[in-house]
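Chains Y and X supply the protein sequences, listed in that same order. The numbering of the first sequence is the numbering used here, which starts it at 1 and goes up by one. The numbering of the second sequence is the numbering used here, which starts it at 1 and goes up by one.
Think of the hints as simulated: they come from the structure by calculation, not from any bench. The reader is advised that the hints may include incorrect statements.
With a straight-line cut-off of 20 Å between C-alpha atoms, the simulated SDA-like cross-links for lysine to any residue are [what the hints assert, rightly or not]:
1. K493(Y) / R74(X)
2. K493(Y) / P55(X)
3. K120(X) / K493(Y)
Simulated coverage check for chain X against chain Y, where a stretch passes if three residues somewhere in it have a Cβ under 8 Å from a Cβ of chain Y [as the list claims (entries may be wrong)]:
4. 71-80
5. 116-123
6. 213-224
Predicted, not measured: the structure shown is a model, and the values here were computed from it. Just so you know, even glycine gets a beta-carbon here, dropped at the ideal spot from N, CA and C.
Spelled out, the chains give:
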Amino acid sequence: MEFFVAQLLTGLANASSLFLVACGLSLIFGVTRIVNFAHGSLYMLGAYVGYSFMQTLPGAVGFWGAILLAGVVVGIIGVLIEVLVLRPVYRAPELFQLVATFGVILVIQDLTLIIWGPEDLLGPRAPGLRGVYRIMGEPIPKYDIVLLAITPFIALALWYLITQTRVGVLVRAATQDREMVGALGVNQAVLFTGVFALGSALAGLGGALQLPKGGADLLMDFHILAPVFVVVVIGGMGSLPGAYLAAVIISVLNVFGVTYLPQSTLVLMFVVMVVVLMIRPYGLFGREEVAGEHGQVGEPELPIKPASTNVRLIVMVGLALLALLPLFGSSFAMVLTTDILIFCLFAASLHFLLGLGGLVSFGHAAYYGGGAYIAALLVTHANSPMELAFILAPLGAGLAALAIGWVCLRLTGVYFAMLTLAFAQLLWSLVFQWGSVTGGDDGLVNIWPSDWLNSTTAFFYFALIFSVGGILVLRHVAHSPFGYALRAARDSKRQAESTGINTQRVQLLAFGFAGLMGGLAGALFVFSKGSVFPNELEIARSFDALIVVFLGGVKTLAGGVAGAAFFKGVEDLLTRFEYWRLVMGLLIIFVVIVAPQGIVGSIRKAAIRMNVLKQGKHS
Amino acid sequence: MSVVLETKGLTKAFGGLVAVDDVSFQLQKGELLALIGPNGAGKSTCFNMLMGQLPPTSGEVFLGGERINGLSPRQIWRKGVGRTFQITSTYSSMTVIENVQMALLSHNGDVFKFLPFAHKMYREKAMELLDMVGMAAQADRHCAVLAYGDLKRMELSIALAHDPQLLLMDEPTAGMAPKERVALMELTAKIVEDRGVSVLFTEHDMDVVFAHSHRIMVLNRGKLIAEGNATEIRNSPLVQEVYLGGGTLFDAEEGADA
């Protein structure tokens, strides 16, 4: 019993940072509809800034002052981000801002590295709170008790701000109907900036508050991201009480998990999320997501046509040149091209779902990494020949996608995206923690192709055929009745349903098909590298694909492939520099602001403007 | 004359509010039947029950003698009911003809085909349908750039794609210019005559209603209060009271229906 209480208290103390970060994210999403992936970075900045202040400011006043100052500084950084990066892209297609925030993550990562260096920083203890209290005989750090006591007050203060003040009324009004608030004469720009600043400050506070418990390191931005999203989604996007309750649930669960089920701590969180969303699709206190139901944001997508003879000729010449690569290119060039081709197929499979289906999956790495792992597991444990593993991997990934899609497609919008993310993370945690089968962090190695493919040149052709083949199949399906039905379900579900199209079945099948193709890319990947590690399943891999699809152009058929080729190529050039993340992040932000239609979309627009391309017969 | 659509005691209650109250009517083959009433009378609720969007609280709907309430919009469409929406619902990323082809693909059970090129399928039939509503010249335009009246006509051709025996039109002329309204209803009347389709429509524009409908039903506060031809309805004191004033009008405005 004593132990139980102690565990509970530790869990509640841990909930405090999580709650601060989560409610900041929730606020920002509620008002601006931006899913701010850089929120973890703001949390990290809070920790680093707080650390620096604590080094210079003396005593207890200095300690608590440093935490407050960290909140203020991060709030100001939030204002900068909002004004410089997000404000120019509010009118861009839905979720495009997400990519911009991802650019911000990269920039902040490298800036932090430049300013504070690569070493982990050990957080200073809070003055006067160094020891432990004995509660029912169990030692509880004094700082934990303080945290546990402070959090409800912060929550209460926020609750007061939101429910009792004029600012709060505006924020709640904007959460329900942005346009109406704008029409009533409220300056939306100021409101958005203010909310973003508040949310950022809360994240900074959270980062600084946990310093004595966890210190500061360069990985904490991604580490907090998954639990924070889980908390926000479980609580209901935009709900503060929900965020608090969910933060407590997750933290307590985590503490008990570490004690009783150390093998499953990571999985547990996502299992809870999946269960909650199955029962309450919009979180504990959330309301049905209405944003995005007013059709697509931005310009309507142009009708698609199969490629003209000219384009086909150009593509054929390009492919012929690629096929000749082994004759004049180095073996490095072949390996790099193989990587790019595989990534293009991965991106194209996500684009199929995202572009044609309007289904924003945040967890597409599940099928790519899943395919890779299925192949690797078959080779490692069943000694299966490469050919068989190569066939079974995409099929397995496709089946997994069907199962996951069946659950996720009950939800829409951001909740759908979050549930796909949760499933991907679930898979990742499973692989990461089930070391005896999957090798855990050490991955699975020695997964080489059969002898006939065991030269760089042979595998290059193999990858070329399957990647290009896969991309062409995806493209063809876009022009088939099924592809049309998928677009119909996206454009107007109502019309599709009342003309006899089973939109749910169409979308589910598309999900499975995209998973199959993602799995194919994963299978190609594992045999090209000879090994696979859990990072092929992680959030960052899903985001890689999302980013290139958005930057390539969601509303164009070639967007996924073009974006993937461009960014994989650029990445290879950039990673030779020490601070490549900074440059990559800036590049992403630049593309987002300058070319919100994506690369292909912008080129097409320029071509139409210069009369190279005809826009259509009558217009 | 045979009965195409029949409702018996159709009722829908939202909590305590009875939006549609014991509505029974019959629609004959080849008939153009108008359902009118002030805002909040329950017209759209009634429509949504006929189309399967809302389950009735009680009462039944029969299509050609077969009970259809409880079926999904998809199933009802397959039984030969077409519909147009008050606010057009179109596939904005497609051309005009592709919008029609999509309905034809669905009708012919081709939705789950991965191999053929969709834009080549049923093109002639789609062109015939567009020609019928006078949209053939615009077949290859991007439907997102069409004028609203043209979208309405395109939607009509989509609704006719599977040769329906019954057409449900929810405010077919809403949002159109007066001249276009008359033209669209003339077109509808002609289609009724040529194809023997039966039409039930709701409408606010009385010129349209009186000029083209064979029979008119008046709904007020969920109840059918009058039924008859244009002259009978025009001269009904009850209808005049509902539309031009009298005690019940402002109470009726409280309804949830728009």
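Hints and how they fare:
1. K493(Y) / R74(X): The hint holds at about 12 Å.
2. K493(Y) / P55(X): holds, 19 Å
3. K120(X) / K493(Y): violated, 23 Å
4. 71-80: Answer holds; 5 residues pass the 8 Å Cβ test.
5. 116-123: With 5 residues close enough to chain Y, the hint holds.
6. 213-224: violated (count 0)
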